[in-house]
Amino acid sequence: MPPRPPDHGPPLDVAEARRRAAQLQSLTHPVRLFILSHLARQPDQVARASDLSGELGIPAKEVTGHLATLADTNLVTQVGGGGEPTVTLSHEARARFRRIIAPRLDAEHHQPVGVPRLEPGIDWSRYPTVVRRIAQQLTQRFRTTFSRNTIEKYVADSYDELASRSRVNQHLPMLTNRLTTDRLSALAAARGLRLRPVPDVLFVCVHNSGRSQIASAILRHLAGELITVRSAGTEPAQAVDPVVRQALAEMGISGFIEAPRQLSDDMVRAADVVVTLGCGDACPVIPGRRYFDWPIEDPAGLHLDQVRSIRAEIQRRVESLLIELGIDPPPSSP
Amino acid sequence: MLARSLKVVANATRLQLLSLLLAEPEERATVGSLTEGIGLRQPTVTHHLNLMHEAGLLEREPRGRQVWYSVNPDMRDTIVDLVQ
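Respectively, the protein sequence lines represent chains A and B. Under my numbering, the first residue of the first sequence is numbered 1, with each subsequent residue one higher. Under my numbering, the first residue of the second sequence is numbered 1, with each subsequent residue one higher.
Derived by calculation from the structure, the hints in this document are not laboratory data. It is possible that some hints are incorrect.
[Claimed, not checked] Covered by chain A, according to a simulated footprint, are these stretches of chain B (three or more residues, beta-carbon under 8 Å): (1) 5 to 13; (2) 18 to 26; (3) 40 to 49.
[What the hints assert, rightly or not] If you want the footprint, here are the derived chain A segments under chain B, 3+ residues with CB under 8 Å: (4) 23 to 33; (5) 89 to 100.
Glycine included, every Cβ here is placed at the ideal spot set by N, Cα and C.
I would like the entire structure built from these sequences, with the hints used as guidance.
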């Protein structure tokens, strides 16, 4: 394995060309590409099989198999002895594939190398619905940093890239989401920006006609575009409680009321923060989310002045939540 | 580098051709000189060059009766890393 001097050395011989082609083939599997990208992003470029398994949401056994393939083609090297497999990027992977696995700033175009140039307009009919949904989610999430065109283009390209390399479609949506997010953060860094996701907050109560409506209206009012706010109920009512509507109208925010909606797993999955207001166990739990439970009295059937005090209690909690999320409400807010 | 290009480049003969091409003066070459350098038949070399051209790895420039191939400048650095 003689490393050749930069530029204009003797051309590759057949054996060396075969070895490198095998490395490239090893690298074209999306899971393996992800393992390499993940390693490249770690400060010490080291990861344990169980970290990778958690990061990718793939069984440790499968990860170990990919690590073996990567080690066989000298893209990763085992570090330490015994116990759980722990790997680092090989010297060769760093030298030869860095531009592919860890796109960096390309000075000329101010874009990470390996990332497509931007052109507007994606023909979504070519893509599965789930890809379009990923684009919508990421657009919501990164709208304060990038335009919709940029985000859609990156989603489509990431999907194309992964799909054409992969024989198994099982992990494609998750991998597309991650690859796009990685590339957008690289692009943001290249432009001197920080990719700051817009937090997604979900309020859940039983009927989505009182408490969760008050909370979401107040949060939308205070945070505006800085937060994505949703609300839902485990047994949604036909309509929003009229007294609640009146209490919100007094604050001038009844325009934020939405028709009661059924809580879905998707909504919970999309949320960074889930706040339950008295629905308790009925709310599905997804690991890794932040949960708050606010014990708030149900305003159903109460008088306006009682609903006002419920509104005040919810407002106080929403304001603390904003501080918790590190978001400064616009100064014009009450 | 996009997936299609990556797949096309993951082939020993094509890596050899790219390495020959980058070793030429001005990093350009004709089918004839590449055929000579790699020791394969000309139709085989033409086939590989066409594939790489379609995948956007190579640019081609007809000059008189010859066609000169060169590496797409957008991908040059990535490809140099691969064949060095």
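Among the hints numbered above, which are violated by the structure, and what are their numbers in rising order?
-> 3
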